[in-house]
Each structure stands twice: as structure tokens, then as C-alpha cells.
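Engineer: Spelled out, the chains give:
Protein chains: 2
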Amino acid sequence: MNNELTSEIRKDPIVGRWVIIGKDKGYMPPIEEHIQRSEGVNCPFCAGAEDKTPPEIFSVKDSSGKWRIRVIPNKFPALVTEGNPDRSGIGIFDRMNGIGAHEVIIETPEHKKAISDLSKEEYTDVLKTYQARIRDLKKDARFRYVLVFKNEGEKAGSSVEHSHSQLIATPIIPKRVYEEINGSKFYFEYKKRCIFCDIIQHDSKFFPERVVFQNDDFIILSPFAARFPFETWILPKEHASAFEDSSDALLLSLSEAVLFLLVSLNRILGNPPYNIILHNSPLKNDCAEFYHWHLEIIPKIKTIAGFEWGTGFYINPLSPEEAGTYLKKGGEG
Amino acid sequence: MNNELTSEIRKDPIVGRWVIIGKDKGYMPPIEEHIQRSEGVNCPFCAGAEDKTPPEIFSVKDSSGKWRIRVIPNKFPALVTEGNPDRSGIGIFDRMNGIGAHEVIIETPEHKKAISDLSKEEYTDVLKTYQARIRDLKKDARFRYVLVFKNEGEKAGSSVEHSHSQLIATPIIPKRVYEEINGSKFYFEYKKRCIFCDIIQHDSKFFPERVVFQNDDFIILSPFAARFPFETWILPKEHASAFEDSSDALLLSLSEAVLFLLVSLNRILGNPPYNIILHNSPLKNDCAEFYHWHLEIIPKIKTIAGFEWGTGFYINPLSPEEAGTYLKKGGEG
Numbered sequence: 024m025n026n027e028l029t030s031e032i033r034k035d036p037i038v039g040r041w042v043i044i045g046k047d048k049g050y051m052p053p054i055e056e057h058i059q060r061s062e063g064v065n066c067p068f069c070a071g072a073e074d075k076t077p078p079e080i081f082s083v084k085d086s087s088g089k090w091r092i093r094v095i096p097n098k099f100p101a102l103v104t105e106g107n108p109d110r111s112g113i114g115i116f117d118r119m120n121g122i123g124a125h126e127v128i129i130e131t132p133e134h135k136k137a138i139s140d141l142s143k144e145e146y147t148d149v150l151k152t153y154q155a156r157i158r159d160l161k162k163d164a165r166f167r168y169v170l171v172f173k174n175e176g177e178k179a180g181s182s183v184e185h186s187h188s189q190l191i192a193t194p195i196i197p198k199r200v201y202e203e204i205n206g207s208k209f210y211f212e213y214k215k216r217c218i219f220c221d222i223i224q225h226d227s228k229f230f231p232e233r234v235v236f237q238n239d240d241f242i243i244l245s246p247f248a249a250r251f252p253f254e255t256w257i258l259p260k261e262h263a264s265a266f267e268d269s270s271d272a273l274l275l276s277l278s279e280a281v282l283f284l285l286v287s288l289n290r291i292l293g294n295p296p297y298n299i300i301l302h303n304s305p306l307k308n309d310c311a312e313f314y315h316w317h318l319e320i321i322p323k324i325k326t327i328a329g330f331e332w333g334t335g336f337y338i339n340p341l342s343p344e345e346a347g348t349y350l351k352k353g354g355e356g
Numbered sequence: 024m025n026n027e028l029t030s031e032i033r034k035d036p037i038v039g040r041w042v043i044i045g046k047d048k049g050y051m052p053p054i055e056e057h058i059q060r061s062e063g064v065n066c067p068f069c070a071g072a073e074d075k076t077p078p079e080i081f082s083v084k085d086s087s088g089k090w091r092i093r094v095i096p097n098k099f100p101a102l103v104t105e106g107n108p109d110r111s112g113i114g115i116f117d118r119m120n121g122i123g124a125h126e127v128i129i130e131t132p133e134h135k136k137a138i139s140d141l142s143k144e145e146y147t148d149v150l151k152t153y154q155a156r157i158r159d160l161k162k163d164a165r166f167r168y169v170l171v172f173k174n175e176g177e178k179a180g181s182s183v184e185h186s187h188s189q190l191i192a193t194p195i196i197p198k199r200v201y202e203e204i205n206g207s208k209f210y211f212e213y214k215k216r217c218i219f220c221d222i223i224q225h226d227s228k229f230f231p232e233r234v235v236f237q238n239d240d241f242i243i244l245s246p247f248a249a250r251f252p253f254e255t256w257i258l259p260k261e262h263a264s265a266f267e268d269s270s271d272a273l274l275l276s277l278s279e280a281v282l283f284l285l286v287s288l289n290r291i292l293g294n295p296p297y298n299i300i301l302h303n304s305p306l307k308n309d310c311a312e313f314y315h316w317h318l319e320i321i322p323k324i325k326t327i328a329g330f331e332w333g334t335g336f337y338i339n340p341l342s343p344e345e346a347g348t349y350l351k352k353g354g355e356g
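Protein chains in written order, with our numbering: chain A, 24 to 356; chain B, 24 to 356.
Same shape as in the complex, but just chain A (with noise of 0.2 Å):
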């Protein structure tokens, strides 16, 4: 950032956070990783290769019968299904057992695609069986919370190139989460308002700049206080706090506007790694009025300062309303 440019502390309004926001204009990220996929050869995610993997889960066939998307335990899983959470204290501490479903959601049988590179047929295709596996999952009375995210990209954490999501369903509700859930519920209080309703309602009519996208029934936003350049968030435009009670019309919506999203990423930055993370409500708390669930979706930048998660202070060289423009711009062509 050049000295004469002044930068703007942000906070973001849900979770009280501050950031550091650069006015560099014309700053464009350092990208470590431009993805591009091989011929997969003895990848265990391919069509053909299905005994390499734990047996299936779900899947969603083909009129030939032949597999579009399956689901299957993670080989390696940070949690297992297995017993009973057995809460407890050790001596001021508390802990339970590790128990939880981790699965991988294959997105597509070919080695060579990216979701970018699905049609938003098939895309929803990916949505409805995230919605699927949230609902099959919510029956287990152990699990508090499912997390639904995809690393695309080594540098965003994949191991393993074959494109896949993954699901983790857990006894307890990610700190994130909670933090989410409490600033929402502390607007309503005082407002009786939905915190990212407002929030969508102000940037539609006071700045444009930051809409990304719109259809009918999404709306990606290049928030306020982004704590990374070309963070985005993609939230439905009606109140809804639960992300598996969604029409198949509102995920075919939804679908149309990630795909818009990617594309815009990929022309901007040219194939990065990016994370999506799913932000839902908890499988038990009623948070109906105040919560609202949405999409972020964040490309990995070079590191830049490397201490954000040890004090959640961020500094983001790229002003949002830039951010926003460019990202309109490139989804467009």
C-alpha cells in the first residue's frame, strides 16, 4: 500500500470483526496455484475406480445408471461415526469423544471437470445432494452441527485433485458458527430484523458497487468488511435460515450464481484455489428468525501477513466496492 493512500477500518456488523481495508487501487492478489487438473491416472475418485474407495454412501445416477455424484466416508476421517460423545470434564477442561461423519462428496465422475466446468444442471445436481446428506444426517440426535465446505486447490487445502466437497457432521457448533448465530440474534433483538436481510436491502440501494451478482433468488455480495480480496458471499434474497429446507428451484438459482462466481474467478485470477464454505443453522437451535444462511466463497491469496487467525485481524489491500466491480465485470465476459 502506498504511503499517500490512506486505508479504512471496517467492522463487520454479524460477528464485530475489524479490518483493515487497503484503498490500492488497481491491487490485484499474488495467486500461488493456477489449477490445472492431469489425466488423473490411478485417482480413486475417477468412474472406474469405485473398489478404491470405502463403499458409497449416496449417489445421484445417470438414466443409464452409471454415477454423476457419490458420496463416501473420507478414508482418513477426523471423526468416526461410531459410540456415543461421552461428555466430560478433565479437571477444568472439557472434551468428548471424537465421533461425527466426515464424507467426501465427489463431484463429478471425470477427472479433467471443475464444478466451474458443470452445467448448472449438474451443479444442482451437487447442491441437492449436500441438501440430502443435511437431512439424512439430522436424524442423528448425537450431531449438533453439519459443515459443508470444498478446497479446490492445494494451496486451499485439497489433497486430492479429483474435484470433491466435503461434509462433516459434528457434536458441537463451530466457534465461527456460534459467533454468527449470536451477532444475528443480538440484532433481532434490538431491531426485529434479520441482520443480512438489512444487509442485502442496504448494499442493493445504497451500493451497487459491492452487488455482484442478482437473480431472482440469490444475490452475491462483495461484503463490507472482507478479510480477503474477492471474498464473496452469496445469500437468498428471501429469509431463509436453514439451507436444506431450499426448493430444487431456489438450487437451481442458487447454482447459477455460483457458477456466475467461479467463472468471474477464474477470469479475474486465472483458475485460483478457492474455498466454499456452507453457513447453516445448527441442526437444533431454532435461530428461524434471525439467522440466514448463505455461501462464502474465498480465493487463497499468497500469504500475506500470516497472523490473521492468531488475533482475527485482517488486512485486505483490495477495497471491496473494487473487488465487486471486477467481479461483476469478469462474470459477465
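For the record, the hints were derived by calculation from the structure and aren't laboratory data.
Just to be clear, a hint being listed does not mean it is correct.
Said to hold, decoys possible - Listed next, with one range per pair, are the computed distances between beta-carbon atoms:
1) A:D159 x B:S182: 45 to 55 Å
2) A:G49 x B:Q224: 52 to 62 Å
3) B:S182 x A:R216: 40 to 50 Å
4) B:K98 x A:D159: 28 to 38 Å
As the list claims (entries may be wrong) - Straight-line Cα separation of at most 30 Å, DSS-like style, residue types lysine-lysine; simulated pairs:
5) B:K162 x A:K208
6) A:K98 x B:K325
7) A:K198 x B:K208
8) B:K84 x B:K162
9) B:K215 x B:K228
10) A:K136 x A:K89
11) B:K325 x A:K135
12) B:K228 x A:K34
13) A:K198 x A:K151
14) B:K228 x B:K34
15) A:K260 x A:K34
16) A:K48 x B:K98
17) A:K46 x B:K98
18) A:K198 x B:K260
19) A:K325 x B:K198
20) A:K260 x B:K98
21) B:K208 x A:K208
Unchecked claim - A few chain A positions that, by computed beta-carbon distances, are all more than 10 Å from chain B:
22) T29
23) H57
24) Q59
25) A72
26) D74
27) K75
28) G88
29) M119
30) E144
31) D163
32) P231
33) E312
34) E355
Model, not experiment: these values are computed from the prediction.
A virtual CB, placed ideally from N, CA and C, is assigned to each residue, including glycine.
Let chain A serve as the given structure and place chain B on it in line with the hints.
Structural biologist: Quick look at chain B alone, frame taken from chain A:
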């Protein structure tokens, strides 16, 4: 992780963060970078290149008048020193000007040296420099927090090879700091004891495997709910909330602890990249009774899951007990 070995989910009692802790015996984290310093051609931080940096703010000199430690403003500051915060709202959002200080502490005139190559006395001077800068910046009524951190190695976020730390004075309190303060305040209100003091006592008595090192004044813990393999905390044994109030004798003792740990990490992981973050009280908040300053030291391992910052949910494949045992032995040589 092997399917047969169950994992455990543990809660950090201060900030309430749950972490999945693996029980994979003998796990060694993948390290992407083993730090080896070059000769440092044209390095702006080397002795003799003083004209390549902005004017010096502070220095420690040897008896011949040559500097051994040098503090300069960051050439590309995230925040600028001139101006006022001008806190204001933009619709539903909150912002302020990006004022603050952003300084670089050059820890040695020698390009080839890491802080782990410094003598106990030399590194004590680095700690005294932190102290002097915090004391000075505390006088500025605009600032609420001074964040002191070190990124060692490119993968840990460092862009200059020459050994240095950074300091950012901000008009806001970083979120993680805020959470720690709130968490320890909550505990104090209930128990009338400092949670960090309780943890020190608890682990010393019941879990010696998590105690990496002790001298008269400091203890190094491999914390119960560590987020990362080989994450450690260095805490003063006697309750103290403000790092900058430490005596010279205490800083000498701290230097010994830090150097023990770095030697151990270097032996075990082969000169890994790492971050050191000073967790200190805010400049104005009165949290003397319940907050306990400390250092957090985290080696930078290869991205495992990539969604941690998005969810606040961590998976640590190495148990803190095993990490603690390794680190103890590693430091003892």
C-alpha cells in the same frame, strides 16, 4: 488418521473454541519450507544499508555505537500515523480512518542470523525493544492496542528474509484479543481466579506431559486444545496482565524460554517457518485482575483443511501431550 484410533474433541476454556484432536501416534506435520538464509545481497535491513529504510524510530546500540536492534516504520504500512480515527457510520455499517502505527523491528544487523542464533542477552534486547515501543505508543490516546508479532519464513507470511518482527498499533482491539479478555473475565467473575493461572497450576500438577519447559518465571505449555501441531504458549508463572510492565530480569527469563522452544522446534521440524504473537492487554482496558499476557508460538505447517479461518473449527492431528513430550526432549538436546 487411522480409523481405529478415535479422536477427541476438546474445548479451549478461554475462548470456547472446539478442536478435533487426533490420536495418531507418531504423527509428524508436513513442513513446506526449511529456513535457510541467503547471503543477503542488497538487503535493506542489513548493517550498512540504513539509507534504504525510512528513518529509525528506536535502536539498541553496542558500546562502539553500532546498532544491534533497529526499529523503523514499515515502508508499506497498513495504517498511517497521521490523522484521527474519525469514527463514523455508513448506513448500517461502522468504519474509521486507517490510522495507527506499523513498525518493523530488525532483530539483528546480521543477515544470516535467526533469533534462535542469538544469545539469551541479545534476544532479551529484542524483548526490551518491544517493551519500549509499546510504552511509547501507549502515550498516544488514539490507540487501543499494540499488536506485536513475528513471521519467520515466507510460508509464515514474511516477505523480507532478514530477521524481524512487526508491530501494529491500532485504534481498535483485535477480535481474538477481545474474545480472550471476555473469556477470562467471565471465568474471573465466576471463580475470582485468573483462568490462565488456573491452567498453569492444573497442567503442572496433573499433566506434566503438556509442560514443555519451566524456569523460575515462565512456563511453556502445549495447550490442552491446541489448534495446530506443536502450538505452544509461553506464560509468566506469576500473574501479570501487561507485558510492558515486565522487569528486565523477567525478560531475561522469557528470552531463555523462547530460545529453548525455538531450538526444540528447529531440531524436531528442521527450521520450520513460524509465527510468534504477543497476547497482551489492550492499552486502556483495565483487565489487570483477570487477563494474563503470554506469547503464542505456532510453527507453520502445510495447509491441512483450509477451512479453519472460515469456521473457527480446527483439526489437530497431533495430541498436545505427544507434542509436549517431543518439544521437551527436543529442547533438552
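Engineer: Against each hint, give a clear statement of whether it holds in the structure.
Structural biologist: Comparing the hints with the structure gives:
no.	hint	verdict
1	A:D159 x B:S182: 45 to 55 Å	47 Å, holds
2	A:G49 x B:Q224: 52 to 62 Å	54 Å, holds
3	B:S182 x A:R216: 40 to 50 Å	43 Å, holds
4	B:K98 x A:D159: 28 to 38 Å	55 Å, violated
5	B:K162 x A:K208	38 Å, violated
6	A:K98 x B:K325	20 Å, holds
7	A:K198 x B:K208	19 Å, holds
8	B:K84 x B:K162	24 Å, holds
9	B:K215 x B:K228	20 Å, holds
10	A:K136 x A:K89	17 Å, holds
11	B:K325 x A:K135	25 Å, holds
12	B:K228 x A:K34	42 Å, violated
13	A:K198 x A:K151	26 Å, holds
14	B:K228 x B:K34	20 Å, holds
15	A:K260 x A:K34	23 Å, holds
16	A:K48 x B:K98	18 Å, holds
17	A:K46 x B:K98	16 Å, holds
18	A:K198 x B:K260	29 Å, holds
19	A:K325 x B:K198	23 Å, holds
20	A:K260 x B:K98	43 Å, violated
21	B:K208 x A:K208	22 Å, holds
22	T29	5 Å, violated
23	H57	17 Å, holds
24	Q59	19 Å, holds
25	A72	20 Å, holds
26	D74	18 Å, holds
27	K75	16 Å, holds
28	G88	30 Å, holds
29	M119	5 Å, violated
30	E144	27 Å, holds
31	D163	16 Å, holds
32	P231	13 Å, holds
33	E312	18 Å, holds
34	E355	26 Å, holds
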